[in-house]
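Model the full structure from these sequences, guided by the hints.
Residue numbers (the numbering used here), protein chains in the order written: chain A, 1 to 351; chain B, 1001 to 1337; chain C, 2001 to 2336; chain D, 3001 to 3592.
Since the hints were made in silico from the structure, they are not lab data.
Honestly, I wouldn't trust all of these hints.
[Stated by the list, open to error] In silico DSSO-like pairs for lysine-lysine, Cα to Cα no more than 27 angstroms straight-line: (1) Lys2192(C) / Lys3433(D); (2) Lys1091(B) / Lys3185(D); (3) Lys1091(B) / Lys3181(D); (4) Lys3285(D) / Lys3345(D); (5) Lys1245(B) / Lys99(A); (6) Lys1252(B) / Lys139(A); (7) Lys3345(D) / Lys2192(C); (8) Lys1245(B) / Lys68(A); (9) Lys3136(D) / Lys3193(D); (10) Lys1077(B) / Lys1091(B); (11) Lys3111(D) / Lys3128(D); (12) Lys1252(B) / Lys68(A).
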Amino acid sequence: MTTAPGSSAPDSFLELRDLRIHFPTEDGVVKSVDGLSFKLDRGKTLGIVGESGSGKSVTSLGILGLHKGGRAKISGEIWLDGEELVGASVDHVRTLRGKKMAMIFQDPLSSMHPYYTVGAQIIEAYRIHHKVSKQVARKHAIDMLGRVGIPQPDKRVDSYPHEFSGGMRQRAMIAMALSCDPELLIADEPTTALDVTVQAQILDLMLDLQREFNSALIVITHDLGVVAELSDDILVMYGGRCVEYGSAEDIFYRPEHPYTWGLLGSMPRLDREPTERLMPIKGSPPSLINVPTGCAFNPRCAYEGRTGGKATTEVPQLAETEGGHLVRCHMPPAERRAIWENEIKPMLEST
Amino acid sequence: MVAFIVRRVIAAVLMLAVVSAATFAIFFLIPRALGQTPEGMASRYVGRDATPEAIQGAVKRLHLDDPLIVQYGRFAKGIVAGEDYSLGPRKAECPAPCFGYSFNNNQPVWPTLLDRLPATMSLAAGAAILWLIAGVSIGIVSALRRGTALDRAAMTVALAGVSLPIYFTGLVSLSVFAYTLGIFPGGGTYTSISENPIAWFQALVLPWITLAFLYAALYARLTRAGMLETMGEDYIRTARAKGLKESTVVTKHALRATLTPILTIFGLDVGLLLGGAVLTESTFSIPGVGKLVIDAIRGNDLPVVLGVTMFAAFFIVLANLIVDILYAVVDPRVRLS
Amino acid sequence: MTTPLDVSGQAMEAQPEAVLQGTGGKAIEGRSLGQIAWTRLKRDKAAVAGAVVVVFLVLVAIFAERPFGGLIALFGDSPNIPNNDLIDPMTSAPTAPLGGISLEHPFGLEPVNGRDIFARILSGAQISLLVAFLATLVSVVIGALLGVLAGYFGGWIDTVISRLMDVFLAFPLLLFAIAIVGALPDQALGMKGNALRIAVIVFIIGFFSWPYIARIVRGQTLSLREREFVDAARSLGATNRYIIFREVFPNLVAPILVYSTLLIPTNIMFEASLSFLGVGVNEPQASWGGMLTRAVDYYQIAPHFMIVPGLAIFITVMAFNLLGDGLRDALDPRAR
Amino acid sequence: MRKTKALALAALGTTLSMGLAACGGTAGGGGNNTGSGNQGTGASGTAFNDAYTKLVNASDAKGGTLKFALTDEPDSTDPGNTYYAWNWNFSRLYARPLMTYQPAPGEEGLKLVPDLAEGPGQASEDGKTWTYKLKKGIKYDDGTEVKAADVKYAIARSNFTSELTDGPKYFAQYLDAEGYKGPYKDKNLDDFKGVETPDDYTVVFKLKAPFSEFDFLVANPQSAPVPQAKDTGLDYEKNVASTGPYKFESYEVGKQLNLVKNENWDPSTDTTRKQLPDRIEVQYKQNADDIDQRLLNGQIHVDLGGTGVQPAARAKIVGKPELKNSSDNPYTPFNRYAMMSTKVKPFDNIECRKAVQYATDKVATQAPWGGPLGGDIGSTAMTPTTVGYKPFDLYPNGQDHKGDKDKAKASLAACGQPNGFETNIAVRGDRVKEVQVAEALQASLDQVGIKATIKKYPSGDWSSQYAGKPEFVHKNNLGIMIAGWGSDWPSGFGFLSQIVDGRFIKDSGNYNMMELDDPTVNELLDKGIQTTDTAARNEIWSQVDKKVMESAAFMPFVYEKTLLFRPSNLTNVYVHPAYGMYDYTWLGVKQQ
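See the structure below:
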């Protein structure tokens, strides 16, 4: 599926085929997303993981069509429920936004308009897609606020975003996103701005709601802990590309890409001794303008020397290692597994 | 909300008190510190053939020999409660707010100020309407069409606009439109609106355009920058993610956030101008507050200079006050703080 | 960003806080902020043009009268020598057409006394730029200092300094400047004549424009104060002074540079306005604003005398604005 | 001199090119020079400077509105509180002093005729008492009769109060009224001993010393009567009790004054004024270029200030013969000059003063005034229109007055400063023309090695704190001071005494800025003012002039002239020499 772009409608509810989103700037072309493909079915959850600047947020906005009409150059295909969106008109995609697909943003304070009440913003979202009176929409808004667990929703509906606590704001944001029963819900770092106890509540809420609406859910995060709880499948992005894809078990128990190992290593865990050193990834994310030649991860990769020089000259292919588990690495699968089993895993589990 | 307004009003009054003291200090304390004597100050106002007695008489009449703090007290009292002045055989009552009498033409300052205000207001109001409409709409269009030839042209003109001294623009426009082409009347033809609305309008067209050009340029730049910043805000992305039409995103979500700070600056600018547009009024000889003060400064007419300064400061503080309160109305986040 | 200078009108463009808080999400590896800014600046044609003009003007000002009479001597006429034989005594305008523009007098002659406008423009450039630079320096020093204090310490210090800024902004600035310069004694502080006058003008302009710098610096400091490296320094027991000068100030250099560049044209305009209103440098020293004042009576019969100094101010201010805009854009890509 | 104001006795000097004999007889009494009656019907029939020598557009047609405009505003419309020359001319429309000038162009206009008085003042033997008889039946606009006490009161209020400060204080200076506190502090007018009123129609002035030109003093509007009951001090200007052909209809200070006919004015008592227009309107604070524009268009009739048109209009007038033929170029009462302080080194040495006299390019210093139309290059202290003026030039400075460097250098060598020296030029900073003169002077002096620095001072404090304060002048090394002077009453004494008399050197408010204290000059002035014979007196004034110039401390630039424009719809126009502008009491308008 990675190498065979087709032009016919796929079976899955959402399918991306070789999506590329490039931004020409005066400093050069920023290749934020550079050939990304995946599938997602209704009722399923996909976690997209990566550092900031890996292209994950651009991907989600790309799916929503929010880069259309701007400076971005978009190619590839996005199939949503049998419709191709990259080639669709700006206006058509707009009518799908909010109704068919919705998004929960990272920072609910800056993502909600400071001058309008929470209620007004939910009402607006609802009335775009439903020809109903303001009263009806308001009832619906109160209803939604109640469903996401906001106490006294009939009162809070008239509050401004800044009058909410962080967690409540995120709930309101979710209420707004869900107000039109979207079939695809994208949550971009939904819990980053929250403290840990609230994070758990919000994640639970999202799972409940997903089940209730049977929607497809994409969770974008840099925090593997979040996707561990939510996701069926996980996609690891690096430098605008997918470097590893697989089921949650694949990624957590049988990861094969050095970058994924790094992510796992840098994941704080409650079951670990606080004195223990994490295993950080050295260096910082690559420039999306001057992507390192060969494997984009090569400057930071501890195993770069084991590729026989291919790491710096040749771009590795995203290849299936087994059962839908895809990895983009020059090292042979066996060697990768061996490194994981013998070097990395013991280190991570050395409690 | 009431408490907020009360607090702001008190702050504004305090501010005026500070400004009045500072103003007084600048015009009376500094000369005194530089060696000016009460007789020296009085000698300006007693004519060419002043006898020592006449100078002493003027010192006494103008209370120039009192300690400065007493003089300031009298000045402040005059503003708050009014003050009596000797005009010769009888006392003249100068009701509050009394800024005293002009040293040069012996007229009470306050009515003179009020008399000059309509001209300044006419100038400021007309220009303000022009620049607000032109500047803001150019700024918005530029921001929405960012990077296009239209944007670049508009911003080049705007940059030129803020780089031109207003008296130069004024002189050039007079030279071209009044004296060469004869389309508009020249400088000094201001007529009050009640006297002749058509002449009023004709005389003000060039000053309006000149003043508005400068401000419109500035506002276009401000609006464009503000609009670009707003369009990059997360809540604009949210609005789009809801499926709102782009036009609705711009008008309902972006404009409101962009225009609020613009209106703040607008209020302050208008407040500033009401205190006298010195350069514009000088260039076009408009008998407004600004022309009054320039003449007064040149004629060493301290009461008038003090009066106009206070008057101007009053408008600035008032504009600040109104803007603060309006901001609280427009931006819900302000109310709590 | 030039402020509208009509009397008191002095409202800076309000985008203070947004500037320069990092280069945004698109991480670009391997180059420092300065290098990036430099690359961007070099690509900004308008800014480069502005910079070229600025450099040209600064050179012209420096070499206008020195060494050995400088450029003015090189081109012939002195700025203060009258040429009454080239003036029609009945109209006071130059006898030759076009305001007497010729090879010897490329910008023509001043009405009444026939002085060479080219020489006077060059001579006036010195005043314009000197006053603008020095005044900017004064406001940057005061503004940066008070801005950092207010932003870093907060509390009552912030309150006092912020109120002070409000008071300064509530003053009808131009009026005060005129009144103070007009009331100036002939000598003070060990200076006299034009040196004193320039010093006072510099001081007044600088003294009244510091709030614009202070406001920006304060905002920046407020956010810097919360940044990790400041916390780190503090936790290591660094003194406030150390933190301010070693940790905070270096991060303020960029915004201060940008806003100083944008303050210079404002100050050029300010000096010109003071000169225009008759409280600039003393005669016969030429100043652009002073030339425009003289032009008021003659613009109908000798328009060149109005146009030349007007354009000089315009070009200079525009060049600095272009450069300042370019610098800001280069250092803060979000403002583009 | 605080403001630009003053009168001059203008005896037209020999330098005037036009023959004064042409305007034989006064313009008054309807008797005109025969030619001008016909010519006067159209402006096109007049020539440049016509109104200088004869009545132009003569007409007795009544009606219409005469419109004046002024760039400034008056110091006051109160006749007792004004020092502007134009206002001394204009105020005669509603205020009649004891004496006034004969209404005629040329020499005749410099003679005094009785106005409120029946005849000229009668001096006592010792010359210290002057008696005037009032005409009977002269009424205020409210119908009440003018009494001698009103004249006494007018003198008292205008000279002895600290409120009415704008006018001159000659009566306070010359009248014997020791210890009088003024009518505002002392309501009893009998305490004012300087003027006595034995009956309702007799006014007697008591002087400290003989003063043979007292008639000129009472031609000052301060002698116009003011009823004590009507005096409201500084506010009196808003409702002046009129004795002239017009009275106040409305007055907005600083904006507009409207006059209408005063029905209680009896032409039979008044030989000098006319009452042609129905109303007179004055607009103050008008833009100078706009005034010129409206003047050229005939929308207004007179620029009230009488200071002439602006450069733009001057260029138009010079360029178009039809405009030029409707303009006049009279002398004003002013001499524009520089004074060199005899107390500031190196100007204490006469040779250094001479060096400046020789070095100065007077064409360059003439240019700021507007070239030849703005004034003739001067070489004497008195102006050509001052009685007793005789032309001479003690310091011929090269061809066309462009400066003689050799002579200047010779003088410098004689002064012991062969390489020049440094000095300062003081100037009123807000007077652009004077600053331009200073610049030109500076450039001239630079040529012979004299390095001068220009020092600008505000004109408001010029005489009280700067150039008029010898202590300041010495301390700040003000070697050269740019000034101007026009006399307050028409005589050599009036012109010269304040600026050349060594005993008038004051600690502050000094106009003898050169600090010339020459006993010969002082004695001549004393002798002159006590000489009753006019011809002998005038001869003395010319001697004073020569003496002053011999000191080389006084360097005249120009005898000032103005370019006045008379629109074709303005009738009955002539330049009154006493004021150097049109006679405002004679003007009429052509009705369209």
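- Task: Verify the proposed pairing of Lys3111(D) with Lys3128(D), using a straight-line Cα cut of 27 angstroms.
- Result: holds (22 angstroms)
Given pair status - Lys3181(D), Lys1091(B), alpha carbons within 27 angstroms:
With Cα atoms ~18 angstroms apart, Lys1091(B) and Lys3181(D) stay inside 27 angstroms; holds.
Against the 27 angstroms threshold, does the CA-CA distance of Lys1252(B) and Lys68(A) hold or violate the hint? holds (21 angstroms)
- Query: Would the pair Lys3285(D) and Lys3345(D) pass a check requiring their Cα atoms to be no farther apart than 27 angstroms?
  - Reply: violated (43 angstroms)
Check your understanding: Does Lys3433(D) lie within 27 angstroms of Lys2192(C) when you go C-alpha to C-alpha?
Key -> holds (24 angstroms)
Exercise. Is the straight-line distance between the alpha-carbon of Lys3345(D) and that of Lys2192(C) 27 angstroms or less?
Worked result: holds (19 angstroms)
- Message: Does Lys139(A) sit within 27 angstroms of Lys1252(B), going by the straight-line distance between their CA atoms?
- Response: holds (22 angstroms)
Given the hinted pair Lys1245(B) and Lys99(A), is their Cα-Cα distance within 27 angstroms? Status holds; Cα separation ~14 angstroms.
When you check the alpha-carbon spacing of Lys3136(D) and Lys3193(D), does it fall within 27 angstroms? holds (24 angstroms)
(Q) Checking one constraint from the list: CA of Lys1091(B) to CA of Lys3185(D), max 27 angstroms. Satisfied? (A) At roughly 12 angstroms apart (the allowed maximum being 27 angstroms), Lys3185(D) and Lys1091(B) satisfy the hint.
If you draw a straight line from the CA of Lys1245(B) to the CA of Lys68(A), is it 27 angstroms or shorter?
Answer holds: Lys1245(B) to Lys68(A) is near 13 angstroms, not above 27 angstroms.
### Query
Does Lys1077(B) pair with Lys1091(B) here, judged by a C-alpha cut-off of 27 angstroms?
Answer holds: Lys1077(B) to Lys1091(B) is near 17 angstroms, not above 27 angstroms.
Consistency note: the structure conflicts with earlier hint 4 alone.
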